[in-house]
Amino acid sequence: MVSNFWCILLILLFIAIFLLNVLFVKVILQDPSNHQSQQPQKVVVFLGSGGHTGEMLKIIHTYKETLKHSSIVILYSEENSLARFKLQFPDIKNVKYYMIGKAREVGSGKFSSIKSIVYTLLSIIDIIIKDVNYFVIDHKRTLILLNGPGSCVILSMIFQIIKLITLKDYKHVKIVYVESLARCNKLSMTGLIIYYMKLADEFLVQWPEMLKSYPYAKSYGILV
Amino acid sequence: MEYNVYVTVGATIPFDGIVDTLFDQCEENLFKHFTKLNEKERIIVNLVVQCGSTYEQLFNKYIKNNFEENRENNRINELIRILNTNDCRNKSISINDKLDVNVIFFNLSTNISKLLTSLSPNLVITHAGTGSLLDAMNIKNVKILTVVNTSLMNNHQLEIAEKFEEYGVVTCCKDLLEFKEEIQGGTIFTKNIQCGKKEIIRGFNKKFNDDILLF
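Chains as they are written, first to last, in numbering that gives the first Met the number 0: chain Y, 0 to 223; chain L, 0 to 214.
Take the hints with a grain of salt, since some may be wrong.
Subject to a maximum C-alpha distance of 27 angstroms in a straight line, what follows is the list of computed DSSO-like cross-link-like pairs (lysine-lysine) [said to hold, decoys possible]:
no.: 1; chain 1: L; residue 1: Lys197; chain 2: Y; residue 2: Lys211
no.: 2; chain 1: Y; residue 1: Lys217; chain 2: L; residue 2: Lys197
no.: 3; chain 1: Y; residue 1: Lys185; chain 2: Y; residue 2: Lys41
no.: 4; chain 1: Y; residue 1: Lys170; chain 2: L; residue 2: Lys206
no.: 5; chain 1: Y; residue 1: Lys41; chain 2: L; residue 2: Lys197
no.: 6; chain 1: L; residue 1: Lys206; chain 2: Y; residue 2: Lys211
no.: 7; chain 1: L; residue 1: Lys173; chain 2: Y; residue 2: Lys197
no.: 8; chain 1: L; residue 1: Lys97; chain 2: Y; residue 2: Lys185
no.: 9; chain 1: Y; residue 1: Lys109; chain 2: L; residue 2: Lys197
no.: 10; chain 1: L; residue 1: Lys35; chain 2: Y; residue 2: Lys167
Everything labelled a hint here was simulated from the structure, so no lab data went into it.
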């Protein structure tokens, strides 16, 4: 009985925070001045693995002019991805690197998946605690770029929670998920979860044909 | 006449099957078709193959002892210099009085875009990974032949290969068997008739930049 009570209280608390957040953001924080076309201040990039890293590096390369003045954090789950970033962008200076766990190895079973998901979650929380200043405090224009594997689900969830508790909306923290180019008809499992749980503020597919099936997505054609 | 070929099997999970299929009995298949490219002139083929970590075994198996060494030339040395890697084997071979082939097998290179600019391949044979396909699509006047690695999770390469084929930018082989038929039939050099059916737009997109990246 006692634990049930606390459970309900906790849920009510969450709902209250959510409602307050909506109220605060949508009503009180209404900013009449239009701050369009400002470069992001912070950019968090997640490098997945193999092809996902390749796609993300191509996006950074193409939009380097927009991103290079920001303070960048690279999250990676494979040493190789980091090496590729450093090799391709030796001139990007204002950048920090953090390694996070891999949410799911390709072809791994249920039990080991759960284990690795928990490990990934803990590793991300650990990094956020270590660098609270960057991740939690003082979000003005923070861009979070995600592309690829399962860790994106956890990352987008965590950043949504950070948005919630710091009372920021997408004008301050924008979570962008770009579905892999390899997906032409159906979303990946990661994509599906992020799409239906609305974990991303901008959900992008790279083939406009997919908009028929996923009307809430946006498409700007091939970005990589 | 010079004819340049670039073959890539990918880095994350190298698709050795492409190299095996391409060089299996290559004298009767691949090299024979090279001589048919131009029957009047002498043909020099530069064949650069990214093989992944097994490059040395593959080189020993198909190239090392099977052909007579020809004298080295500057072109091949230049290409090796651009590759900028030690994990690399090469041999210049003379197949007959009409055909010389310069072969380079290498593991990985961080300098692929420069290599492609210098080599300027007439034909690219690639696994159906997005990175390699996009690299190939940057080349002008090239025939791209892509082979789907069916052993990967959910056969996920098939979707993108068929999509690009629909757009007319690549010729797609759904498996190694189809690839083998292309080689034996000598159709690997002929351009896709549907070439450029739909336009693929890439590069800097101002709308994406303003709507998504900027605040």
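So, going through the hints one by one against the coordinates:
1. L/Lys197 x Y/Lys211: Given that 27 angstroms is the threshold and the Cα spacing comes to 19 angstroms, the pair holds.
2. Y/Lys217 x L/Lys197: holds, 21 angstroms
3. Y/Lys185 x Y/Lys41: Given pair Y/Lys185, Y/Lys41 is violated - Cα atoms ~31 angstroms apart, limit 27 angstroms.
4. Y/Lys170 x L/Lys206: holds, 17 angstroms
5. Y/Lys41 x L/Lys197: Answer violated: Y/Lys41 to L/Lys197 is near 38 angstroms, above 27 angstroms.
6. L/Lys206 x Y/Lys211: Satisfied, since the Cα-Cα distance of roughly 20 angstroms is no more than 27 angstroms.
7. L/Lys173 x Y/Lys197: violated, 35 angstroms
8. L/Lys97 x Y/Lys185: Violated: L/Lys97 and Y/Lys185 sit about 50 angstroms apart, past 27 angstroms.
9. Y/Lys109 x L/Lys197: The given pair, whose Cα atoms are some 42 angstroms apart, is violated under the 27 angstroms limit.
10. L/Lys35 x Y/Lys167: violated, 67 angstroms
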